[in-house]
Amino acid sequence: MIEIRNLYKTFSSGDDKVDALQNINLTIADGDVYGIIGMSGAGKSTLVRCINMLERPTAGTVTVNGRDMGALSNAELRQARREITMIFQQFNLLMQRTCLQNVCFPMELSGVKKAAAKKRAMELLELVGLPDKAGAYPAQLSGGQQQRVAIARALATDPKVLLCDEATSALDPNTTHQILSLIRDINDKLGITVVVITHQMSVVKEICKHVAILDHGTVAEEGLVSAVFAAPKSEAARRLVYPAREGEIISDPGSETKVRVIFASAAAASMPLVARMARERSVMANIISANTQPIDGKTYGDILLGIPHEQLSAALDFLRGIPELTVEEVSDLV
Amino acid sequence: MYDNLFSEKSLSDALQCLQNEIPFAIWETFYVTVLSTLLALVIGLPLGVLLVVGEKKGVLPLPKWVMQVLNVIINLLRSIPFLILMIMVFPLSRLVIGTTVGTTATIVPLVVAAFPFIARLVESSLREVDPNIIEAAQSMGATPMQIICKVMVPESVPSLLSNVTIALTTILGYSAMSGIIGGGGLGQIAINYGYYRYKYLVMLIAVVLLILLVQLFQSIGTRLAVKSDKRLKH
Ligand SMILES: Nc1ncnc2c1ncn2[C@@H]1O[C@H](COP(=O)(O)OP(=O)(O)O)[C@@H](O)[C@H]1O
Ligand SMILES: [Mg+2]
Chain A
303 MIEIRNLYKT
313 FSSGDDKVDA
323 LQNINLTIAD
333 GDVYGIIGMS
343 GAGKSTLVRC
353 INMLERPTAG
363 TVTVNGRDMG
373 ALSNAELRQA
383 RREITMIFQQ
393 FNLLMQRTCL
403 QNVCFPMELS
413 GVKKAAAKKR
423 AMELLELVGL
433 PDKAGAYPAQ
443 LSGGQQQRVA
453 IARALATDPK
463 VLLCDEATSA
473 LDPNTTHQIL
483 SLIRDINDKL
493 GITVVVITHQ
503 MSVVKEICKH
513 VAILDHGTVA
523 EEGLVSAVFA
533 APKSEAARRL
543 VYPAREGEII
553 SDPGSETKVR
563 VIFASAAAAS
573 MPLVARMARE
583 RSVMANIISA
593 NTQPIDGKTY
603 GDILLGIPHE
613 QLSAALDFLR
623 GIPELTVEEV
633 SDLV
Chain B
1342 MYDNLFSEKS
1352 LSDALQCLQN
1362 EIPFAIWETF
1372 YVTVLSTLLA
1382 LVIGLPLGVL
1392 LVVGEKKGVL
1402 PLPKWVMQVL
1412 NVIINLLRSI
1422 PFLILMIMVF
1432 PLSRLVIGTT
1442 VGTTATIVPL
1452 VVAAFPFIAR
1462 LVESSLREVD
1472 PNIIEAAQSM
1482 GATPMQIICK
1492 VMVPESVPSL
1502 LSNVTIALTT
1512 ILGYSAMSGI
1522 IGGGGLGQIA
1532 INYGYYRYKY
1542 LVMLIAVVLL
1552 ILLVQLFQSI
1562 GTRLAVKSDK
1572 RLKH
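Chains A and B are the protein sequences, given in the same order. All residue numbers for the first sequence refer to this note's numbering, where the first residue is 303 and numbers rise by one. All residue numbers for the second sequence refer to this note's numbering, where the first residue is 1342 and numbers rise by one.
Keep in mind that the hints were calculated from the coordinates and are not lab data. One thing to keep in mind: the hints can contain errors.
[Unchecked claim] Straight-line alpha carbon distances no greater than 20 Å define the calculated EDC-like cross-link-like pairs of lysine to aspartate or glutamate that follow:
id, chain 1, residue 1, chain 2, residue 2
1, A, K462, A, D490
2, B, K1398, B, E1469
3, B, K1397, A, D318
4, B, K1398, B, D1471
5, A, K435, B, D1570
6, B, K1398, A, D317
7, B, K1397, A, D317
8, A, K507, A, E523
9, A, K416, A, E428
10, B, K1398, A, E357
11, B, K1491, A, E410
12, B, K1398, A, D318
13, B, K1491, B, D1570
[To be verified] Among chain B residues calculated to face chain A with C-beta under 7 Å, some are:
id, residue
14, D1344
15, P1364
16, P1404
17, S1480
18, P1485
19, R1572
Note that the structure is a prediction, hence the values are computed from the model and not measured. Here a beta-carbon is modelled for each residue, glycine too, at the ideal position from N, C-alpha and C.
Looking at chain A on its own, in the form it has when it is part of the complex:
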């Protein structure tokens, strides 16, 4: 279990001070796949680097499996880091070593015998689907393959926790999907707790069970991914769940009020909502944008409607009468 309590991190260089993290409190259960999402500069990397003390917090504690990471001696910390491994956006493989040697590297550091390390490294390369690339150098591999080698390397010391800092941000959507499946498999098969740092909602949707939304160094919202998607409460969460879409500018605020309809089931999503509203209440709604997404086997989605001012109350009355719908007026382009 990872417990982050009252964590602060301030970077100061001369007179410049950046409060990268402010009073972060998170609990990540064993075996979870936990997403930490936020815009660029929100403090995600700083937070994940505080977990293995690559970055020393200014205040607060990080406890991993009962061990207070900040209180460890250098030698103890190095030992602890073998159980909390990390993969990165840029893969960070040793470029002058073969894939096999890269996977052997952490075992070399901890003094595993060469033959045993080699055997284990081959098993791991097999696990990530690259047994034939043992003798290749990283420069000869694609980005996705390099990340697979990095994952094999991260598993070499039998970690309890895998930290992924934007691990798929440098990859194309297809490769991203494959790498995320691999990470999910590893979580399933080996029970390793995974912390996924990302700026992409799609990544969280695809593999995370829980998510924390980080905004300007604070946790804006936290909980089950399905719950956050169904009803994002914070401003930051809404920005991520309902990203501004191009179509939204075609609505004329002079004549229409924008209403967001959020549905939390397939039944609600498949209802001919706009047509029924037109027939039953004579409301001529303008569909500005619509979006659905499956999460955990359920369908979530939202429609942004433009409703003539004079018909607003009739429309709201109709919509609020339908189960599994959340309705809200939208004042600006958030």
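Start from chain A and add chain B with the ligands according to the hints.
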């Protein structure tokens, strides 16, 4: 001065020199250069590593004064002209080799002149290593020593090889200069024949041979550097 370059006398002198002195001079230049470079590397490599890892944000931060002393010594030695340095280290040569003249004795000033240069070259090579890779090693629990020996140095081998080649060719030039203090080798032949005895053809031959040696070292070094670099897709 080049009027009688190809006179009969000039040609026969040159031929005689080519047969009797030049082969050994090539060997002397070669071994002085290579040996000096190796010895300078033995001192310069660790110093160059310290210059990088000892920084405040390095993997093995050293006290600030240690870094300052190191930097001052290196800058100081690098600012003394080699001709002067050769004379200044006479006491050291006497102490180490027992004499101040002769081929072996010139190894001392060459090493003294070259190790600070090599330390700076090593420093610049190591700085090219991607800091993210170093951080990845730290995240796996590598000790500072492991980071130096298993990450920084191996990852910069191609760059180190091309920088050592630069050092080698520079030292070759210095070793020719040491002909002035009786250093032997091609430099001494050039000076003895060209400067003292006005036999310019011999001087030119010695110079051409020096150029060929530089070419040889450089092309071997470049080839090794390229070949060792696994970032390139061969
Ligand atoms: N080493 C550092 N020195 C100074 N400021 C930093 C440092 N690392 C990060 N920051 C600042 O902290 C904030 C959060 O950065 P980061 O954690 O990298 O964000 P993210 O990973 O979410 O994009 C940013 O404003 C960034 O400029
Ligand atoms: Mg980041």
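Against the structure, the hints come out as follows:
1. A:K462 to A:D490: 13 Å, holds
2. B:K1398 to B:E1469: 15 Å, holds
3. B:K1397 to A:D318: 19 Å, holds
4. B:K1398 to B:D1471: 14 Å, holds
5. A:K435 to B:D1570: It holds: about 18 Å lies between the C-alpha atoms, which stays within 20 Å.
6. B:K1398 to A:D317: 19 Å, holds
7. B:K1397 to A:D317: 19 Å, holds
8. A:K507 to A:E523: 15 Å, holds
9. A:K416 to A:E428: 18 Å, holds
10. B:K1398 to A:E357: 12 Å, holds
11. B:K1491 to A:E410: 9 Å, holds
12. B:K1398 to A:D318: With a Cα-Cα distance of about 18 Å, the restraint between K1398 of chain B and D318 of chain A holds, given a limit of 20 Å.
13. B:K1491 to B:D1570: Since the Cα atoms of K1491 of chain B and D1570 of chain B sit roughly 16 Å apart, the hinted pair holds (cutoff 20 Å).
14. D1344: Where the cut-off is 7 Å and the nearest Cβ of chain A is about 56 Å from D1344 of chain B, the hint is violated.
15. P1364: 39 Å, violated
16. P1404: 18 Å, violated
17. S1480: OK, holds: S1480 of chain B within 7 Å of chain A, min 5 Å.
18. P1485: 9 Å, violated
19. R1572: Holds, because the Cβ-Cβ distance from R1572 of chain B to chain A comes to roughly 5 Å (cut-off 7 Å).
The structure shown violates the earlier hints numbered 14, 15, 16, 18.
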